[in-house]
Amino acid sequence: MTQPLAKDSTTCAELAVVAEQTAEPLNVCVTRALADYFEQLEGHPAANLYEMLMTEVEVPLLKATLEHTNGNQSRAAEILGINRGTLRKKLKQYGL
Numbered sequence: 176m177t178q179p180l181a182k183d184s185t186t187c188a189e190l191a192v193v194a195e196q197t198a199e200p201l202n203v204c205v206t207r208a209l210a211d212y213f214e215q216l217e218g219h220p221a222a223n224l225y226e227m228l229m230t231e232v233e234v235p236l237l238k239a240t241l242e243h244t245n246g247n248q249s250r251a252a253e254i255l256g257i258n259r260g261t262l263r264k265k266l267k268q269y270g271l
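Our numbering runs 175 ahead of the 1-based position in the sequence shown.
Incorrect hints may appear among the rest.
Derived SDA-like pairs: lysine to any residue, alpha-carbon spacing no greater than 20 Å straight-line [unchecked claim]:
no.	residue 1	residue 2
1	K238	A222
2	K264	A252
3	K267	P235
4	K238	K265
Keep in mind the hints are simulated off the structure, nothing from the lab.
Make a model of the complete structure from these sequences and hints.
Quick look at the structure:
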């Protein structure tokens with residue numbers, strides 16, 4: 176069974192648009208989380224890493240975007256750059 180990626184909320188904060196944001200970029204947070212994940216495996220084999228990572232990223236992305244649009248799926252799909260059918264498929268896939 177795979178473990179969730181490590182989360183370090185002290186250095187990896189929310190995505191931000193403001194110039195004053197001091198949190199590290201998302202790619203740095205992901206890189207650190209993956210390094211922590213592989214270290215925690217202690218030599219055990221990893222499996223389904225891509226699927227696990229995509230779920231870890233997609234679920235909060237979908238939730239946050241839907242919250243931002245007050246549940247408007249058409250607007251959420253537009254913001255995400257996907258069509259509404261794809262959004263609905265992903266929502267069903269994750270039970271959202």
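Structure-based check of each hint:
| no. | hint | verdict |
| --- | --- | --- |
| 1 | K238 / A222 | violated, 26 Å |
| 2 | K264 / A252 | holds, 11 Å |
| 3 | K267 / P235 | holds, 14 Å |
| 4 | K238 / K265 | holds, 11 Å |
In this structure, only the earlier hint numbered 1 is contradicted, and the remaining ones agree with it.
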